[in-house]
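Chain A is fixed; fit chains B and C onto it per the hints.
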Amino acid sequence: MKSNQKSSFEPFDLLQKVRRQAPLVHHLTNWVTIYDCAQIVKTLGASPVMAHAPEEAADMTQIAAALVLNIGTLTESLVKAMKLAAAAANRKGIPVILDVCGAGATPLRDRTVLALLDEVKINVIKGNASEIARVAGQNIQTKGVDAGEVSADLETLAKTLAARRQATVVITGATDIVASEKQLYRVKNGHDLMTRVVGTGCMATSVIGAFAAVEADYGRAAAGALACYEIAAELAAEKSQGPASFKAGLFDCLYQLDAATVANRQRLET
Amino acid sequence: MKSNQKSSFEPFDLLQKVRRQAPLVHHLTNWVTIYDCAQIVKTLGASPVMAHAPEEAADMTQIAAALVLNIGTLTESLVKAMKLAAAAANRKGIPVILDVCGAGATPLRDRTVLALLDEVKINVIKGNASEIARVAGQNIQTKGVDAGEVSADLETLAKTLAARRQATVVITGATDIVASEKQLYRVKNGHDLMTRVVGTGCMATSVIGAFAAVEADYGRAAAGALACYEIAAELAAEKSQGPASFKAGLFDCLYQLDAATVANRQRLET
Amino acid sequence: MKSNQKSSFEPFDLLQKVRRQAPLVHHLTNWVTIYDCAQIVKTLGASPVMAHAPEEAADMTQIAAALVLNIGTLTESLVKAMKLAAAAANRKGIPVILDVCGAGATPLRDRTVLALLDEVKINVIKGNASEIARVAGQNIQTKGVDAGEVSADLETLAKTLAARRQATVVITGATDIVASEKQLYRVKNGHDLMTRVVGTGCMATSVIGAFAAVEADYGRAAAGALACYEIAAELAAEKSQGPASFKAGLFDCLYQLDAATVANRQRLET
Numbered sequence: 020m021k022s023n024q025k026s027s028f029e030p031f032d033l034l035q036k037v038r039r040q041a042p043l044v045h046h047l048t049n050w051v052t053i054y055d056c057a058q059i060v061k062t063l064g065a066s067p068v069m070a071h072a073p074e075e076a077a078d079m080t081q082i083a084a085a086l087v088l089n090i091g092t093l094t095e096s097l098v099k100a101m102k103l104a105a106a107a108a109n110r111k112g113i114p115v116i117l118d119v120c121g122a123g124a125t126p127l128r129d130r131t132v133l134a135l136l137d138e139v140k141i142n143v144i145k146g147n148a149s150e151i152a153r154v155a156g157q158n159i160q161t162k163g164v165d166a167g168e169v170s171a172d173l174e175t176l177a178k179t180l181a182a183r184r185q186a187t188v189v190i191t192g193a194t195d196i197v198a199s200e201k202q203l204y205r206v207k208n209g210h211d212l213m214t215r216v217v218g219t220g221c222m223a224t225s226v227i228g229a230f231a232a233v234e235a236d237y238g239r240a241a242a243g244a245l246a247c248y249e250i251a252a253e254l255a256a257e258k259s260q261g262p263a264s265f266k267a268g269l270f271d272c273l274y275q276l277d278a279a280t281v282a283n284r285q286r287l288e289t
Numbered sequence: 020m021k022s023n024q025k026s027s028f029e030p031f032d033l034l035q036k037v038r039r040q041a042p043l044v045h046h047l048t049n050w051v052t053i054y055d056c057a058q059i060v061k062t063l064g065a066s067p068v069m070a071h072a073p074e075e076a077a078d079m080t081q082i083a084a085a086l087v088l089n090i091g092t093l094t095e096s097l098v099k100a101m102k103l104a105a106a107a108a109n110r111k112g113i114p115v116i117l118d119v120c121g122a123g124a125t126p127l128r129d130r131t132v133l134a135l136l137d138e139v140k141i142n143v144i145k146g147n148a149s150e151i152a153r154v155a156g157q158n159i160q161t162k163g164v165d166a167g168e169v170s171a172d173l174e175t176l177a178k179t180l181a182a183r184r185q186a187t188v189v190i191t192g193a194t195d196i197v198a199s200e201k202q203l204y205r206v207k208n209g210h211d212l213m214t215r216v217v218g219t220g221c222m223a224t225s226v227i228g229a230f231a232a233v234e235a236d237y238g239r240a241a242a243g244a245l246a247c248y249e250i251a252a253e254l255a256a257e258k259s260q261g262p263a264s265f266k267a268g269l270f271d272c273l274y275q276l277d278a279a280t281v282a283n284r285q286r287l288e289t
Numbered sequence: 020m021k022s023n024q025k026s027s028f029e030p031f032d033l034l035q036k037v038r039r040q041a042p043l044v045h046h047l048t049n050w051v052t053i054y055d056c057a058q059i060v061k062t063l064g065a066s067p068v069m070a071h072a073p074e075e076a077a078d079m080t081q082i083a084a085a086l087v088l089n090i091g092t093l094t095e096s097l098v099k100a101m102k103l104a105a106a107a108a109n110r111k112g113i114p115v116i117l118d119v120c121g122a123g124a125t126p127l128r129d130r131t132v133l134a135l136l137d138e139v140k141i142n143v144i145k146g147n148a149s150e151i152a153r154v155a156g157q158n159i160q161t162k163g164v165d166a167g168e169v170s171a172d173l174e175t176l177a178k179t180l181a182a183r184r185q186a187t188v189v190i191t192g193a194t195d196i197v198a199s200e201k202q203l204y205r206v207k208n209g210h211d212l213m214t215r216v217v218g219t220g221c222m223a224t225s226v227i228g229a230f231a232a233v234e235a236d237y238g239r240a241a242a243g244a245l246a247c248y249e250i251a252a253e254l255a256a257e258k259s260q261g262p263a264s265f266k267a268g269l270f271d272c273l274y275q276l277d278a279a280t281v282a283n284r285q286r287l288e289t
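These protein sequence lines are chains A, B and C, in that order. Residue numbers for the first sequence follow my numbering, so the first one is 20 and each next one is one higher. Residue numbers for the second sequence follow my numbering, so the first one is 20 and each next one is one higher. Residue numbers for the third sequence follow my numbering, so the first one is 20 and each next one is one higher.
There may be inaccurate statements among the hints.
A pair counts as met if it fits within one copy or between any two copies, since identical chains are not told apart.
As the list claims (entries may be wrong) - Pairs of lysine-lysine, DSS-like flavour, derived with a Cα cap of 27 Å: (1) Lys99 x Lys162; (2) Lys99 x Lys140; (3) Lys140 x Lys258; (4) Lys162 x Lys36.
Since the hints were made in silico from the structure, they are not lab data. Keep in mind the model is a prediction, meaning the values are calculated, not measured.
If we strip away everything but chain A, and leave its shape as in the complex, we get (with noise of 0.2 Å):
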């Protein structure tokens, strides 16, 4: 695990999996990037829906390949939602990702993660370095959705979390750090713009819930969406005046994603 070794999979074949299964990727999500998620589902080829009704959320998760839940802006009404699409996906054997974002900001959003962790299974389990630790139990504070400091060492974080709730770990960072039960990959793929452009966080967890649709093996998914989705982020720092040009031109990038590119930029590591 600590090699440092070039990973054995190619992330292209994972979205080369996505572009040829469109799988139908279900988002109980918030209400600031819920048009970003869609849209970079559907720029990968994939077809996002958003059906956050109690009435309905678990309806549209039968006819789903991959359940998203991210908890941005949430409310008593979403997280019912969220636990009733969550069961029925899980009935279904189709992969939940969670981001919870901003955990350690408010203790709401603490114990709303608790009660998902505990009352539903979540497969991966997606968030910056603070509201991961706060997850895995420490006492610390996020500055609302961003990151705020964290000592501990994210790796072992990452591991101890996945060994304890038996799920994938996901930390985003200038390296981003995946932990599945299994295995533990480095990505060191991105672009430090992604900070200043709001959702491209969001965005993240939606590209890991559309790999994961195609991939049973979540780890490889998630560290196979990130490699993609922060090279088409460099691609489009090249060429960017700014967060709203880079934003447009890390879509457009994805969109064009091909083998080649994504073979040589990928720095992903296991």
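Relative to chain A, chains B and C alone:
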């Protein structure tokens, strides 16, 4: 009706009326594409407004010139507000346009569409092939909000539903079909990139709403709206590198659309 | 107050303070422009957060440096959360900025604005001419969220309301008026394309929120915020082809804004 002749009205004339009259177009729509629906109406030179509280939905309708309903992310409270707003629109005599987004995906959506069609007067019913087939009573599955397979003859489907519901029916696709009670239009403008951008269907509905606010023949309004909107899409596609630059170009090109371009490019047939 | 002199402070100095301090700006805002409000704050170098559940609105305010309220798509639950958040902000002594979006369009909006002004301390009241005229008690109609006709003298209107409510009052328009209890500013920057983009008004309010988080003289904060934001708009307009490229440019230009450009272009008068 099967003459395949160029239409006898100029779509650009209707766009000019929208720009001159700047109608207020009220929306009760979904949380995913709500911004784009507002911006596309603004881009036309009209005024969008979105007020979904049951306590004010009818009041806002009182000062509007058209009402757009979209069930993309429906809740019980939103449906209640839709009925109140539509009833106010019916009393005032302004057009009500319903995007049956996701009909055929869940029972809640099907029930909601039927309840709206039965309880208030809907002037324009708009959806993709599988959504409209479902509303017409066929046993069909929509893939979230993306069209599923439909084997039926779409023109017959549209005409039959138009007659049954005494409404104008719009089926979007490579060729859009617009069936009023007295006339059938085919709009062959558009570009395949529209299927890669979330919200192009919702925005089409908002454009139809703005045109219906200034043109009492709703079949003509819908056909003219789609022609103008999709010509802008063709122009945008010519200079785009992917979904984001395409979408930005769609707004910019629609904003700049002129009479000569519309006259030359329109592929609107009766 | 009628001297029409260049202002004695540098707006760019406040922008620099925002960039250095990166304040957390909490929002309870509308569903149409929520993303843009977040992104404009992020573009300034600050941290946006949006948490509208009544169960956490006050908790999130506890860790914030400013609170922005916007009634663009209000509901009863949202108003309840606004009151809880504003009360927490008042206790903590951080500024509360209220965008009276759509005041004068429906009775619910008028009632809500008055309830907020009466029940909590609002430090900055911001709207277009007809919205502020309505809040000041005039019998006036707002066209949804777009300004209606107002015959009153806007400077007097702003000063009177500022005195009555012991608040800073901002009226946006071709010339923006900012009236604190002790000073009146006119901001003559900006561009007409701002009226063709949904959310430019809401974003202005968020920028004011970020500036008020670092400058205790709220009149100065609001005037400096508008000057910087609208200079970015002027720069963006120079290279735009329509509303979408203009909006993208607005973010990019604000991100890159430097001291010399602001000093040269600012048209802020007292």
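Against the structure, the hints come out as follows:
With identical chains, the CA atoms of lysine 99 and lysine 162 are at most 27 Å apart both within one copy (26 Å) and between copies (24 Å). Taking the closest pair of Cα atoms, lysine 99 and lysine 140 come within 27 Å of each other only inside a single copy of the chain (15 Å); across copies the shortest separation is 33 Å, beyond that limit. In this assembly of identical chains, lysine 140 and lysine 258 lie within 27 Å of each other by CA distance neither inside one copy nor across copies; the values are 41 Å within and 45 Å between. For the identical chains of this complex, lysine 162 and lysine 36 are inter-copy neighbours only, at 18 Å across copies versus 37 Å inside a copy, given an alpha-carbon limit of 27 Å.
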